Amino acid sequence: MATSSVSKGCFVFKPDFKRKKVSFPIADYFNEGESLSEDSKLRFDTCQLLWQQMKSEAEELQEELNKNLFDSLIEFLEKSHLEFRKKSTKWNYQIKCREIPTAALVLGVNVTDHDLTFKGLTEMLRDTVTPYVVSLQAKECPDVKHILQKLASQLMGCCIDMESTEEEYVQSSQRKMHYSMAFLSTWYKSVTQKTSSESVKKKITSFSHWKESPPIVIILKDIESFSTKVLQDFIIISSQYLHELPIVLVFGIATSPIIIHRLLPQAVSSLCIELLQSLSCKEHLAKLLDKLLLTTRFPFKLNEKALQVLTNIFLYHDFSVQNFIKGLQLAILEHFYSQPLSILCCDLPEAKKRIHSLSEDQCESIRRLPSFMRYVEKQTPEKQVASLTDERFLKEETLRFLEDLHSYHENFFLVLKCLHAFTSSLPKYPLGRQIRELYCACLEKNIWESQEYEPALQLLRMLAKDELMAILQKCLEVCKSPPGKQFGGTVEKLQEFLVQFQKLEETESNEEENGSGSQQKGLQKTDLYHLQKSLLEMKELRSSNKKQTKFEVQRDRVVDFIDNLVRKYLSPPDTQTLYEVVYFTGAHILREHLNAAPRIALHTALNNPYHYLKNQALKSEDDSIPNVAPDICIAYKLHLECSRLINLVDWSEAFATVVTAAEETDPNSTASEEIKEIIHARFIRAVSELELLGFIKPTKQKTDHVARLTWGGC
Amino acid sequence: MFPLENVVLCRESQVSTLMALFGERHHFSFPSIFIYGHTASGKTYVMETLMKTSELPHVIVNCVECFTSRILLEHILNQLNCLTPSEDECTSHIACDSFNDFVRLFKKVTQDQGVDDQTVYIVLDKAEYLREMEANLLPAFLRLQELTNRNVTVIFLSQIVWEKFRPNTGCFEPFIMYFPDYSIGHLQKILSHDHPPEYSADFYAAYINILLGVFYTVCRDLKELRHLAALNFSKYCEPVVKGEANERDTRKLWRNIEPHLKKAMHTVYLREISSSQWEKLQQDDTEMGQLKGLSAHAHVELPYYSKFILIAAYLASYNPTRTDKRFFLKHHGKIKKASFMKKHEKTSNHLLGPKPFPLDRLLAILYSIVDSRVAPTANIFSQITSLVTLQLLTLVGHDDQLDGPKYKCTVSLDFVRAIARTVNFDIIKYLYDFL
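Top line first, the protein sequences correspond to chains X and P. Residues 1 to 714 in UniProt numbering are what the first sequence lists, from first letter to last. Residues 1 to 435 in UniProt numbering are what the second sequence lists, from first letter to last.
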């Protein structure tokens with residue numbers, strides 16, 4: 001780059017911002033495949049629209065779930081510093097006021113999700129309670145100095161928002177002074193005096209009594225990572241200034257509140273801790289699944305394997321709902337990217353329009369769908385010909401299938417929820433405790449053919465009446481909730497059952513009396529033999545009488561009814577024609593992207609370089625090492641054969657042997673010395689690369705040896 | 001102004017010693033005085049009231065707040081500058097970077113304030129924090145009188161004995177004074193002193209007597225006792241307020257308050273529940289049932305593999321490495337504990353605490369205790385790291401990740417047993433100590 005300067009020197013060129021902005025629109029990635037451009041654009045738009053809807057739904061749910069927690073936090077804030085605001089002179093206030101009100105938020109171990117919660121919390125507090133909200137992270141606060149600095153800068157920051165005139169004053173004083181609590185307290189006094197004399201702040205209207213002295217809320221996001229000393233000092237300092245600064249602490253706890261006692265053995269006595277617990281993340285996931293997947297609102301669905309991958313990552317690894325949502329996003333993106341027919345994956349009226357404008361290629365790809373082929377095979381020859389050649393006929397068929405699919409889903413989820421209502425109360429949960437387990441089972445295969453289904457039904461046939469009635473009531477609510485019309489028959493049937501049970505209740509009381517009377521008669525004083533005999537008889541009698549009570553007959557009818565519903569509606573989605581349009585099937589893609597295995601990848605790369613390099617020369621059938629392989633691969637393979645300590649000389653010799661194996665062996669030639677040196681250098685480089693990758697490290701246990709850091713292979 | 005004896009109780013001898021040391025206003029006093037004693041033995045309070053009642057020119061600084069020496073020095077100077085508040089100078093801020101500047105500015109300020117003819121007292125509370133600041137600070141404060149050539153006395157207040165302060169290089173020895181702990185009689189007298197205005201002193205004294213009877217065995221901290229007294233007094237008055245008993249009816253009042261105080265000892269004293277919750281309980285008169293203490297929430301929900309990682313870490317921390325073969329190999333043969341136990345291992349590993357273990361050992365144990373195959377995915381490694389951030393594991397020694405990191409498991413046996421129970425893993429069977 002040219003400069004106008006005459007002298008030599010270093011010049012700084014700021015990057016040209018205009019050039020940076022020419023970025024590749026994301027939509028273009030959809031073009032790269034085989035399909036047409038306008039089609040891919042539409043698919044991308046559909047995908048975006050769908051994702052936006054699902055995202056906002058998920059966010060809404062999150063807000064709704066957080067609401068409880070936030071409400072109780074606000075209530076807590078309202079209670080705290082009551083005396084401070086009233087300037088109370090009550091007798092025991094003098095003694096107690098050294099306690100800092102502290103809210104301990106137990107948020108669960110999914111630390112990555114906390115950020116979102118805290119963000120929502122900060123916004124909400126700023127809007128409703130106080131402008132002075134500070135959030136601190138452990139890594140920003142290695143000592144008290146940093147805590148106070150952060151505190152001051154954030155507090156002044158929120159003050160600047162409202163009173164820009166004060167900016168200069170703040171800036172100038174920032175230079176001069178180190179932040180100390182004393183400085184903050186004078187600042188607070190000046191700010192509150194100013195605002196109280198001025199007009200009432202617009203934002204904070206709901207809590208009028210906070211106008212004069214809004215509390216300073218300090219959020220410590222990850223209390224576990226703070227060091228004891230820093231936290232303790234900070235709390236001691238704050239408690240000393242509590243008369244002047246209404247400080248409220250909020251601890252974000254990932255594990256359990258006992259950590260407070262462990263972290264603060266002494267300073268805990270100057271805290272007034274209140275515990276607030278958020279919803280467990282498992283319940284959060286269940287609600288999320290219910291909102292996003294177990295509904296006909298969104299056309300997109302996951303197949304059994306993909307759903308398993310996502311839930312397994314959640315349950316086995318991170319407990320993070322945000323990660324789950326990200327995984328879902330990936331699935332949606334991948335589905336719309338890889339499946340050309342995903343263009344039809346939208347709500348029904350829109351899909352109808354799109355079917356009419358399907359191109360020839362798209363029709364062809366419909367014909368090529370396995371589920372469609374299966375369907376065609378079952379048809380009469382004329383129809384087969386029609387659907388394979390006539391485009392209009394095909395479009396009609398497609399529309400019909402999509403409608404079928406839609407109503408299939410409607411029924412599917414209702415019956416699924418009913419079945420879950422029945423089975424979730426069974427002992428040992430033969431069909432799973434959570435609805436997602438049941439859902440997975442239903443997605444996989446015919447649920448009624450599974451091993452657990454029959455025993456579950458057997459258990460259902462033993463339910464007590466009140467339990468059964470409660471379940472029926474629940475089912476009724478489930479079926480009534482959507483404005484569906486096809487399910488009317490079921491609702492009536494369920495109501496009928498309920499009424500019958502209620503009737504039974506009345507009549508049964510009479511019967512019971514009779515029954516107990518007859519039993520009394522049977523048990524008279526006799527000797528042991530007779531007693532046994534009579535007991536046996538009674539048992540037989542009872543078993544033969546079993547089907548006699550009306551309740552049992554009725555119960556069997558209910559179970560049969562449910563059984564019929566299940567068999568009718570809960571067939572897995574791959575039995576449906578055109579299910580490929582809405583179901584995402586690439587579980588392996590999700591697994592590769594979301595649950596990466598770097599160690600395995602590294603091992604594969606080093607052990608079998610062909611896997612990544614695709615060079616024919618590297619292909620080896622057995623475990624032998626081709627000498628054309630990269631040096632590091634050769635060194636790696638050789639080191640696999642060693643035990644914990646590796647002799648460098650042996651290793652280097654083995655390396656040289658492998659490398660020169662195929663080349664002409666001419667030890668006496670003059671060039672060999674030079675070649676040897678080159679090989680030696682190559683070996684050293686390979687070894688240091690392995691060290692960098694963390695496979696070996698130098699050791700002092702033995703001279704000329706290195707230690708292996710991995711195991712296995714020998 | 002109250003006479004000193006009425007405000008400062010049970011510290012008569014210390015006060016008289018100090019008064020004797022201080023002498024008249026213009027007398028030179030001892031250059032530095034070091035006062036130590038347990039928490040809540042009245043050090044700060046005595047100094048504050050002494051200074052205020054005798055209206056001596058003084059500065060009181062709490063060293064916790066001053067995390068740098070600069071703040072400390074500026075704090076002292078600025079407070080000195082404001083000693084006579086009538087003047088306008090208070091608003092100007094004095095900047096001071098080093099002790100050298102401090103000495104210079106100190107002379108100037110005392111002159112400006114017109115206090116150079118009388119003793120100026122600088123009280124440094126929580127003086128133990130001085131030890132962590134610059135090395136020259138403590139010796140310089142000790143001989144401030146000599147350095148500034150002014151009539152000044154520096155008083156250090158600390159909970160730690162002087163021997164722990166003395167720098168290696170030697171220094172000026174201060175006058176050392178000890179504030180002994182209050183006896184039960186003292187406590188009784190002091191606590192009874194601040195009775196609420198609406199009740200008689202005798203009534204309150206009787207209450208304090210009962211309170212001390214319950215709490216004296218576990219707590220002698222005056223602050224803590226005052227706190228408890230304030231918290232529970234309303235409950236004590238309850239029968240009187242309701243008219244069920246009069247103020248003289250000590251026996252009845254005792255029967256009312258005693259179980260209540262015992263309950264307080266197990267809850268609010270241990271900060272299991274906060275004081276505000278405790279007060280709410282008192283008002284509502286509900287049972288403790290629905291309000292659980294902090295330690296009732298010990299349960300931590302962890303992802304499935306995290307549980308196993310934690311169990312594996314616990315096993316690796318508390319089992320000797322040699323025994324891994326016996327626990328985790330299928331055909332380990334019959335190895336009895338006695339035969340392979342070395343002499344020094346007879347003491348329980350649980351008494352010795354967790355031992356560090358390398359990452360590889362953790363993974364090896366993890367693979368053998370999980371039923372299904374676990375792929376060493378990035379998620380597993382990140383789970384180990386997040387367990388470290390949750391303080392359930394700790395990283396030992398250097399933090400070079402490539403060089404084979406070592407960890408320790410920091411959870412208790414009860415905790416890990418609770419975790420193991422949720423995944424149906426009988427951890428006791430795998431622990432060497434319980435063989």
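Hints were generated in silico from the structure; no laboratory data involved. Treat the hints loosely; a few may be bogus.
[Stated by the list, open to error] Restricting the straight-line Cα-Cα distance to at most 25 Å, the calculated cross-link-like pairs of lysine-lysine (DSS-like) are:
hint, chain 1, residue 1, chain 2, residue 2
1, P, Lys262, P, Lys307
2, P, Lys263, X, Lys282
3, X, Lys139, P, Lys263
4, X, Lys79, P, Lys235
[Claimed, not checked] Which residues of chain X face chain P? A partial, calculated answer using Cβ under 8 Å:
hint, residue
5, Lys145
6, Met181
7, Ile273
8, Leu276
9, Ser278
10, Leu279
11, Ser280
12, Asn595
13, Ile600
On a predicted model such as this, the values are computed, not experimentally measured, just so you know. All C-beta atoms in this analysis are idealised placements derived from N, C-alpha and C, irrespective of residue type, glycine included.
Each hint tested on the structure:
Restraint check for P/Lys262 and P/Lys307: not satisfied, since their Cα atoms lie roughly 38 Å apart, outside the 25 Å limit. For the hint linking P/Lys263 to X/Lys282, the alpha-carbon distance of about 36 Å lies beyond 25 Å, and the restraint is violated. The hinted pair formed by X/Lys139 and P/Lys263 fails the criterion: a straight-line CA distance of about 40 Å is larger than 25 Å. Straight-line distance between C-alpha atoms of X/Lys79 and P/Lys235 comes to about 21 Å, which keeps the hinted pair within the 25 Å bound.
The restraint placing X/Lys145 at the interface with chain P holds, with a minimum CB-CB distance near 5 Å, inside the 8 Å limit. Here the hint on X/Met181 is kept, as its CB sits about 6 Å from the closest CB of chain P, short of 8 Å. Interface restraint check: X/Ile273 against chain P, minimum CB-CB distance 5 Å, threshold 8 Å, status holds. This hint is violated: X/Leu276 has a C-beta 11 Å from the nearest C-beta of chain P, more than the 8 Å allowed.
With a least beta-carbon distance of about 11 Å to chain P, the hint placing X/Ser278 at the interface is violated under the 8 Å criterion. Contact between X/Leu279 and chain P, as hinted, is not supported at the beta carbon level, the nearest pair being about 11 Å apart and thus beyond 8 Å. Hint on X/Ser280 holds. Least Cβ distance to chain P is approximately 6 Å, under the 8 Å limit. Because the beta carbon of X/Asn595 sits about 5 Å from the nearest beta carbon in chain P, less than 8 Å, this interface hint is met.
This hint holds: X/Ile600 has a C-beta 7 Å from the nearest C-beta of chain P, less than the 8 Å allowed.
Consistency note: the structure conflicts with the earlier hints numbered 1, 2, 3, 8, 9, 10.
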